[in-house]
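**Student:** Here is what each chain is made of, one letter per residue.
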Amino acid sequence: MSKEYEAVIGLEVHVELNTKTKIFCGCSTAFGGSPNINVCPVCSGMPGSLPVLNRAVVDKAISIGLATNCNITRNSKFDRKNYFYPDNPQNYQISQLYYPICRDGKIEIETENGKKFVRIHEMHMEEDAGKLIHNTFTGETYVDFNRSGVPLVEIVSEPDMRSADEVLAYLDKLRLTVQYLNASDCKLNEGSMRVDVNMSLREKGTEKLGTRTETKNLNSFKAIKRCIENEFERQADILDAGEKVVQETRRWDDDKGYSYTMRSKEDAQDYRYFPDPDLVPLIIDDEWLARIKASQPELRDEKKERYAREYGIPEYDIGLITEYKELANIFEDGVNSGADPKKVSNWIIGETLRLAKDFETDIADISFSGKNLASLIKLLDEKKINNTIAKQVFEHVFKENVNPVEYAEKNNLIIKTDTGALAEMVKKAVAANPKAVADMKAGKKKAMGAIVGFVMKEMKGKCDPAEVNKLVMEELAKL
Amino acid sequence: MQISDDMIKYVAELAKLELSDEHKEQAKKDMSDMLEYVNTLNELDTSNVEPMSHCFPVANVLRDDVVTNSNDRDNMLLNAPDKSEDSYIVPKTF
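Protein sequence lines, in the order shown, are assigned to chains A and B. So for the first sequence, my numbering puts the first residue at 7; every next one is plus one. So for the second sequence, my numbering puts the first residue at -17; every next one is plus one.
Hints are computed from structural coordinates only; laboratory data are not their basis. A portion of the hints provided could be inaccurate.
[As the list claims (entries may be wrong)] Pairs of lysine to any residue residues, derived as SDA-like cross-links and limited to a Cα-Cα distance of at most 25 Å, are as follows:
#1 Lys74/B - Pro281/A
#2 Lys214/A - Pro281/A
#3 Lys137/A - Asn53/B
#4 Lys(-2)/B - Pro281/A
#5 Lys26/A - Ala41/B
#6 Lys87/A - Leu44/B
#7 Lys137/A - Ser66/B
#8 Lys299/A - Tyr91/A
#9 Lys137/A - Ala41/B
#10 Lys87/A - Arg45/B
#11 Lys(-9)/B - Tyr91/A
[Claimed, not checked] If you want the ones that stay clear, here's a sample from chain A, every Cβ over 12 Å from chain B, calculated:
#12 Leu288
#13 Glu406
#14 Met454
In this text, all values refer to a predicted model and were calculated from it rather than measured experimentally. Heads up, the beta-carbon is just placed ideally off N, CA and C, and yes, glycines get one too.
Input sequences plus hints: build the corresponding full structure.
**Tutor:** This is the structure:
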């Protein structure tokens, strides 16, 4: 009979910071483009070149540290991690081993099983490596150093997670925090957020940690969940058979749905860390810390509380809106422009998300102004357009951020307030639909739809259906 | 300090060097001489000296986040033993 196991999981998360330049030189961090165009003697490891630390990298690292309740290391410094690989032109990576910028943090996560804290062991700043591109025909490998020297922070958690759900909740919280801080876009599929899973099993109810494995190459939340489930079964089978889990680094293959050994403990590397003599110590004084504290934006949890308190919109709406800071910005902009919070919310969680899905727009790329949404809501409130037209106009707000008033006027979509013309049309409709009129007289209320529909069609939708209803009833009463 | 055969083999592996037996003996000797030389520092009593993390009394040398590079690819690739139009070429990795 197999025993009951519990997973013990810790994560190492690399986040690429969205500064304009690299961590130790003034080369642009722009993504994409031609290989090796954003490269200089520093980030291509030329002898004699000297690294100089980018202040914005430190600002962003402190900002993330504060938001994750870390202690900020007042006297920090950089170390060299030595290894040979063609993506690393210096033959060492500049990182922080002895005095990382942040330590001892924690973030609160929520799953079906309730709330808990996941502790953060430390967070350090380091440089990214270049990219290797393999040509399978020639067997050659090309090296592109555009990414070499792009700033990273590595956030190392304590082994506090017990399931894939907890891991995903932690990553989601981390992603949202970093995005709200505008420190990174945190896209797993583009590599601006990279996750390594450290995992071991132990018998339920016991305290002693088992032997752990580290799994790399996880490029989506789905892959992470599958990998954890797969690794749980693999280790459980080994332990059930009375064998020992081998401490090793494994690589996840998402197409095949399993992981395989990359390197075992025996050939673990000796990185021979030592202080980087090219970089002087980094001292964070009270003033620096106070400056970052003062500029911390409102984070998701704070927003959620405030939305409930100030706007009284449902928890469900709040959850969806604050899932992306872009949506939260549109919401606040709309409400601040005078629109009713629930109406703004409805447009965001309804039409906006629907259009994003239809047009396959990344939600983080939605950029229309909340002010334009507010004026669309005003047009509706004033009955200058009806719902159908509003949706048409909104599509252009969504795609091109048009001003709805100008757009509606230019395209002749505003409802004619000329009641005389509408009354004429109603008369015409009654005359043109004798069968519907007869049915109405016979008590078939549904027949009303045909007459109203006729008017709406003739008026090209530019009238208020309630108003039409009223006029038709008046007209029928005269007969 | 004596450097063992195992130690010199390990250090050579880390440095990706293949040493002949003759070189190995020479390297063993050089390395012990170096360590012995540095060992002189241990004769100084530092129990009352504050540890330092850098040899210069300077901190916080920082730059602003402003792009300064231009495309210097052709010049950079002049140093490459093997190159394509836009990249270094290295032996196959995996």
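**Student:** Next step is simple, just say for each hint if it's right about the structure.
**Tutor:** Now the hints, each set against the structure:
Between the alpha carbons of Lys74/B and Pro281/A the distance comes to roughly 32 Å, so the proposed pair goes past 25 Å and is violated. Restraint check for Lys214/A and Pro281/A: not satisfied, since their Cα atoms lie roughly 34 Å apart, outside the 25 Å limit. At most 25 Å may separate the alpha-carbon atoms for a hinted pair to count; Lys137/A and Asn53/B meet this at roughly 18 Å. Our distance criterion of 25 Å between C-alpha atoms is met by Lys(-2)/B and Pro281/A, whose separation comes to about 22 Å.
Pair hint Lys26/A plus Ala41/B holds up; C-alpha atoms about 23 Å apart against a cutoff of 25 Å. Restraint check for Lys87/A and Leu44/B: the C-alpha separation of about 21 Å stays at or below 25 Å, so the hint holds. For a cut-off of 25 Å, the pair hint linking Lys137/A to Ser66/B stands: about 15 Å separates their Cα positions. With a C-alpha separation of about 39 Å, the suggested pair Lys299/A and Tyr91/A falls outside the 25 Å cut-off, and the hint is violated.
Among the hinted pairs, Lys137/A with Ala41/B is inconsistent with the structure: their alpha-carbon atoms are about 32 Å apart, more than 25 Å. A threshold of 25 Å between alpha carbons decides the hint, and for Lys87/A with Arg45/B the separation of about 23 Å falls inside it, so the pair holds. As the CA atoms of Lys(-9)/B and Tyr91/A are separated by approximately 20 Å, the hinted pair is consistent with the 25 Å bound. With a cut of 12 Å on Cβ distances, Leu288/A falls inside the contact zone with chain B, its closest approach being about 6 Å.
Interface exclusion of Glu406/A from chain B stands, the closest Cβ pair being 30 Å apart, more than 12 Å. No Cβ of chain B approaches the Cβ of Met454/A within 12 Å, the least distance being about 66 Å, so the stated non-interface status holds.
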